[in-house]
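2 protein chains.
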Amino acid sequence: MDNNFLDYKDAVNFNTEKFYKATLFRSDRLLLGLNCLEPGQVQKIHDHTDQDKFYFVIEGEGLFVVGEQEKVASAGMVVWAPASVPHGVTNQSQNRLVILMGIAPAP
Amino acid sequence: MDNNFLDYKDAVNFNTEKFYKATLFRSDRLLLGLNCLEPGQVQKIHDHTDQDKFYFVIEGEGLFVVGEQEKVASAGMVVWAPASVPHGVTNQSQNRLVILMGIAPAP
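Residue numbers (the numbering used here), protein chains in the order written: chain R, 0 to 106; chain Z, 0 to 106.
In isolation and in its complexed conformation, chain R is listed as follows (with noise of 0.2 angstroms):
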C-alpha cells in the first residue's frame, strides 16, 4: 500500500440490503474498517474466539450488546468486544450509524 493516510469519509458507504463494511487497512496482526448501519440495520450478535474487537462510533448512535452489557453508545464511545464474548450492534436510531472497528489478529 502506498498511501498511508485516509479520510474515513472517502469509505463510508450504504447497502439497503445489508449493512455496509469497508476494510480500511489491513496486516495479519489488525483489521481496520467501517462497519455502516442504515436505520434497521443489524449486525447480529457473534463472537470471535482468538479475536479481540473494538467499536468507535464515529456518527450516529447504535445499540451495543457485548456478553451481558447493552447500551445505547453514541457518536465517541468506544466499545471493547473481547475474544469469544458475543457482540453484536442494532441502529435503532432514525440516523446512519458509522462505526470503526478493529480486529486483532485479523479475520
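Calculated directly from the structure, the hints in this document are not laboratory data. Warning: the hint list may mix true and false statements.
Since the list gives no way to pick one copy over another, a pair counts as held whenever it fits inside one copy or between any two copies.
Result set (DSS-like, lysine-lysine): computed pairs, CA atoms no more than 30 angstroms apart in a straight line [as the list claims (entries may be wrong)]: (1) Lys43 x Lys17; (2) Lys43 x Lys20; (3) Lys70 x Lys20.
Given chain R, put chain Z in place with the hints provided.
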C-alpha cells in the same frame, strides 16, 4: 474489566510537560488508547518491530510522518503505521490534538 463501554472524552487529559497517553482497553492482542497533544507537543519518530499501529484523529490536526510520507491529518483521518515503519506526530497547530490509537499486538 466490568465495563466494555467508554466515552473517549472521559479519558482525555493534557500534560504541559509532555504529550499525554491513556490506555482505554488492553489485551495481549490489542492496545487501544488516546494520545493527547497540546499545541507544539511531539511524539518523536519511532517504530515497533513486530507491531502494527493506527491513529484515528478525533479532534484537531497533526503533522504525521509514516516512513517517507508526511502529511497533515485532521479529524476523521486514519493513519496506518505498519511494523518497522518509522512514524510520529507533531501538533503543529494552535489547537489541542486528540488521537485514538491502536497497537497490535499490544506492547
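Checked hints:
1. Lys43 x Lys17: within (11 angstroms within a copy, 43 angstroms between copies)
2. Lys43 x Lys20: Within one copy, since 14 angstroms is at most 30 angstroms while 34 angstroms is not.
3. Lys70 x Lys20: Answer is both; intra-copy 22 angstroms and inter-copy 27 angstroms each pass.
Going through the hint list in order, the structure satisfies each hint without exception.
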